[in-house]
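As a plain string of letters, each chain reads:
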Amino acid sequence: MVRVKRLVLDILKPHQPNALEFCQVLASVGEDYHVTLTVIEMDEETATTEVVIEANHIDFDAICAAITSVSGSVHSIDFVEVQNDTQQK
Amino acid sequence: MISTLKQVALLLRITNSQDIMRRYFVVNGFDGALTMLGIIVGFSLGSTTSLTVTINACVGAAIALAISGLSSAYISEHAELKRTLVELENIMLVNMENTAHGQAARWVPIFVALVNGLAPLVISLLIIAPLWLADAGFSLIFPPLLMASIIAMTLIFFLGIFLGHVSGVSWLISGLRTLLISLVTIFLIYLFSKN
Numbered sequence: 000m001v002r003v004k005r006l007v008l009d010i011l012k013p014h015q016p017n018a019l020e021f022c023q024v025l026a027s028v029g030e031d032y033h034v035t036l037t038v039i040e041m042d043e044e045t046a047t048t049e050v051v052i053e054a055n056h057i058d059f060d061a062i063c064a065a066i067t068s069v070s071g072s073v074h075s076i077d078f079v080e081v082q083n084d085t086q087q088k
Numbered sequence: 000m001i002s003t004l005k006q007v008a009l010l011l012r013i014t015n016s017q018d019i020m021r022r023y024f025v026v027n028g029f030d031g032a033l034t035m036l037g038i039i040v041g042f043s044l045g046s047t048t049s050l051t052v053t054i055n056a057c058v059g060a061a062i063a064l065a066i067s068g069l070s071s072a073y074i075s076e077h078a079e080l081k082r083t084l085v086e087l088e089n090i091m092l093v094n095m096e097n098t099a100h101g102q103a104a105r106w107v108p109i110f111v112a113l114v115n116g117l118a119p120l121v122i123s124l125l126i127i128a129p130l131w132l133a134d135a136g137f138s139l140i141f142p143p144l145l146m147a148s149i150i151a152m153t154l155i156f157f158l159g160i161f162l163g164h165v166s167g168v169s170w171l172i173s174g175l176r177t178l179l180i181s182l183v184t185i186f187l188i189y190l191f192s193k194n
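Protein chains in written order, with numbering that gives the first Met the number 0: chain A, 0 to 88; chain B, 0 to 194.
Think of the hints as simulated: they come from the structure by calculation, not from any bench. Where a beta carbon is used, it is the ideal one built from N, C-alpha and C, also for glycine. A hint or two may mislead.
Stated by the list, open to error - Partial list, derived from the structure: chain A residues whose beta carbon lies under 7 angstroms from chain B:
#1 D9
#2 P13
#3 Q15
#4 T47
#5 V69
#6 S70
Said to hold, decoys possible - Simulated restraints on C-beta separations:
#7 A:V81 <-> B:V93: 36 to 42 angstroms
#8 B:N94 <-> A:E20: 20 to 26 angstroms
#9 A:A18 <-> B:I180: 41 to 47 angstroms
Produce the complete structure using the sequences and hints provided.
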């Protein structure tokens with residue numbers, strides 16, 4: 000099984016919901032999700048952020064849906080860590 | 000249920016609508032209470048008016064205030080939030096209909112309208128309650144019009160206390176200030192009405 004363990008996303012988000020609420024929504028996607036958000040740039044209405052998501056098995060579609068639900072927009076996937084657990088025969 | 004409440008709280012927070020709702024509640028609640036007080040004091044000056052006529056006049060005014068509050072708040076808030084959403088979409092360069100801001104543009108005007116419409120209606124119904132009770136044959140400790148006036152002034156006093164709590168000034172001074180407005184209203188009605 001191929002599992003996504005770490006993602007670094009470049010996300011543009013409005014000032015509201017704030018960074019704390021934004022991360023809480025992303026972390027609530029899975030029980031072991033660990034989310035870190037760094038504000039890279041602040042504009043009048045928006046903030047460019049770098050969001051790091053770590054978990055045992057990240058559901059990317061669910062993360063994208065969660066980001067959209069809190070008005071964020073994924074600009075790019077900047078870093079990915081993926082692991083293949085399938086045993087070779 | 001809790002997640003729905005959390006979502007509603009989020010939508011209100013991202014649009015900064017709690018302040019608007021609080022302001023609408025006080026403004027239109029005050030409108031309702033003072034309108035009822037005016038009608039009741041006006042009717043109490045005429046000695047021959049039946050209770051049914053007074054109740055109908057009060058209910059008519061209460062419903063009109065509620066509909067006015069609902070429609071005006073919905074129309075204005077819907078336009079404001081729609082404009083904010085379009086501006087944000089232009090900045091973010093994405094369609095935001097399915098985001099929290101899109102949901103807020105659809106639902107927050109309804110919440111604000113409900114507060115703006117229900118505040119005068121509920122306050123008016125509380126003030127009219129003694130008239131209904133007297134009309135239904137219940138005996139009250141005071142005459143129904145006096146009882147309704149006392150309730151109206153009490154509610155106006157409480158709205159003042161609430162404003163004092165919001166602004167952080169003395170609740171007593173704030174309550175007495177709104178009570179003074181109602182006393183001035185009564186005085187003006189007595190001054191300009193024909194007995």
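Against the structure, the hints come out as follows:
no.: 1; hint: D9; in the structure: violated, 13 angstroms
no.: 2; hint: P13; in the structure: holds, 6 angstroms
no.: 3; hint: Q15; in the structure: holds, 4 angstroms
no.: 4; hint: T47; in the structure: violated, 11 angstroms
no.: 5; hint: V69; in the structure: holds, 5 angstroms
no.: 6; hint: S70; in the structure: holds, 4 angstroms
no.: 7; hint: A:V81 <-> B:V93: 36 to 42 angstroms; in the structure: violated, 27 angstroms
no.: 8; hint: B:N94 <-> A:E20: 20 to 26 angstroms; in the structure: holds, 22 angstroms
no.: 9; hint: A:A18 <-> B:I180: 41 to 47 angstroms; in the structure: holds, 44 angstroms
In terms of the numbered hints stated before, the structure departs from hints 1, 4, 7, listed from lowest to highest.
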